[in-house]
Amino acid sequence: MSDDAQTVADPGTTAGEAARDAVTCSDLSYSFGQVKAVDGLDLSVASGEIFGLLGPNGAGKSTVIRCVTTLLPVPSGMVRVFGHDAARERMAVRRLLGYVPQQLSADASLTGRENVALFARLFDVSRRERAARVTEALEAVGLADAADRMAGTYSGGMVRRLELAQALISAPRLLMLDEPTIGLDPIARTSVWEHIMAVRAATGMTVLVTTHYMDEAEQYCDRVALMHQGRIRALGTPDQLVADLRARRDDGSTPTLEDVFRDVAGSGLDEEGGEFRDVRRTRRTASRVG
Amino acid sequence: MMSAEPAEPRPVSVDGPGALGLDLLLVPPRARSGWRVLPARVAAMCVVELQKLRHDRTELYTRAVQPALWLLIFGETFTRIRAIPTGGIPYLDYLAPGIIAQSAMFIAIFYGIMIIWERDAGVLTKLLVTPTPRAALVTGKAFAAGVKALIQAVVVVVIAAALGVSLTWNPLRLIGVAAVVILGSAFFSCLSMTIAGIVLTRDRLMGVGQAITMPLFFASNALYPVAIMPDWLRAVSTINPLSYQVDALRGLLLGTPSHLPLDFVVLIAAAAIGITAASCLLGRLAR
Ligand SMILES: Nc1ncnc2c1ncn2[C@@H]1O[C@H](COP(=O)(O)OP(=O)(O)O)[C@@H](O)[C@H]1O
Ligand SMILES: [Mg+2]
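Protein chains in written order, with my numbering: chain A, 1 to 290; chain B, 1 to 287.
None of these hints come from the bench; they were simulated from the model. Among the clues, some could well be false.
To be verified - Some chain B residues judged to face chain A by a derived CB distance under 10 Å, without partners named:
id: 1; residue: A31
id: 2; residue: T77
id: 3; residue: P131
Glycine residues also receive a C-beta, built at the ideal position from the N, C-alpha and C atoms.
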């Protein structure tokens, strides 16, 4: 087994890599005071794939996402989005990506349509095209009928789909979804994923998604990275990771992705499993949904 | 066991874009650049404010109660007592511009405080990932606060007129009044956004917000002329942008002697400083 999860950046091929990869992080670290949230992370997401960043609460997934979206600075290391440096070319990076944050967030005192129209304005959609484009985005996520209701009356799954419409309005090449199904009931979860898959099939965009639901990753992601305590512990297609573990265990049992996770994260997973702060945040999200 | 090689992406559906009817969403919009970004973002923020106001007007009415009481009780009473030297005009008239400025200031400060709610609700996070420079976002918010305060000011002007205050109806002067209200609100909303960037939490910001509004009001010429203030209060009033706002409003609405050029210079400078300070601290709210 190789402990080397990084795609080594060979100086000779960086230009080629940059053109092909949607996201490259090299040696990215981020700390909140004493807490090392991301610890020397190397990651590359190929253009066109659905890439899952998996890990328990507190693993550092959101911090990585927020560094890529330019929300957080990049204090050490390098982050590139389609070749653009996230620390230096912020506006160029933001124009390329659609972002749905972990927290359910729509402006409750605006209608669904107005929520999407705001993002159309902020991404410079021309006035001529705006109304049609907003309608198309709302239709794509199945909210055409609820478009003129206040977003405050939406269910959790509807808010998520509204956020998806907001993210799609600028035709992003990279869609970043931070725990898109957190706190949703199983039916809403499936519906959100179906819309993500349909949109991605129609547009061919790259999707970078974080989740701590291993089953979703197994079902929907082309490749996954298993993250624990700020580092990537394993990387590959879900099938490959599972097959590798089966080969290593060699006891005839069929492991799941969750078993792979336990294997690479070692012990410590059950005891830590996210700090109080994360648990509370998750609960808050969940209660907003319910 | 690990594969650093990206796998082949799953095949894209054969249905093509037409299946979902996403044709429009396949092409990125043409990006505005340079100076065009700022007015576009300011307009976007102001539109949102107007839409919210259209959905729910309760705040407009509830926020009219306090200024109405000030004018009705404080204004009428002190007009009778004649205790405050106003330069010959009824005290109610003297007070009206002060109350317009006060209500605009309260709204603007509260509007700035709302940025913490937006942060906690995740709305701000998404705005920060749009191609909107932080200064443009803050300017947009500042002017949206101005739009909201301006609509409130119209309500207070109507109340004042109903109470018999003789205000100007000269359209040029009224445009000046609108500009003064918007500039003042831009400053005060940025003041509270700046404080939000410093204290970072909702509870602390509410405390600070409440602690500064009344002193800003009393340490200004809104209720009484600077001439009758003790020296220390006069000093505070001199550095309080609210005083310049009230002075300009009095000059424009009542035609009393004022220092319009100075007032405008101070208000524009204050708004610019406020926008700069709030933009610098906005990033702290994103962490
Ligand atoms: N704003 C913050 N301030 C301080 N610590 C934070 C903040 N956000 C996250 N952290 C900490 O950083 C670590 C990683 O958090 P996060 O990236 O949110 O993990 P995940 O998204 O995988 O649940 C956690 O230990 C968390 O407590
Ligand atoms: Mg997270």
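Under 10 Å is the threshold here; is the Cβ of T77 of chain B close enough to any Cβ of chain A for the hint to stand?
The hint is violated - T77 of chain B has no Cβ within 10 Å of chain A, the shortest such distance being about 38 Å.
Chain A contact restraint for P131 of chain B - C-beta distance below 10 Å:
Since chain A brings a Cβ to about 5 Å from P131 of chain B, closer than 10 Å, the hint holds.
Measuring from the C-beta of A31 of chain B to each C-beta in chain A, is the shortest one below 10 Å?
5 Å, holds
The structure is inconsistent with hint 2 alone, although it conforms to all the rest.
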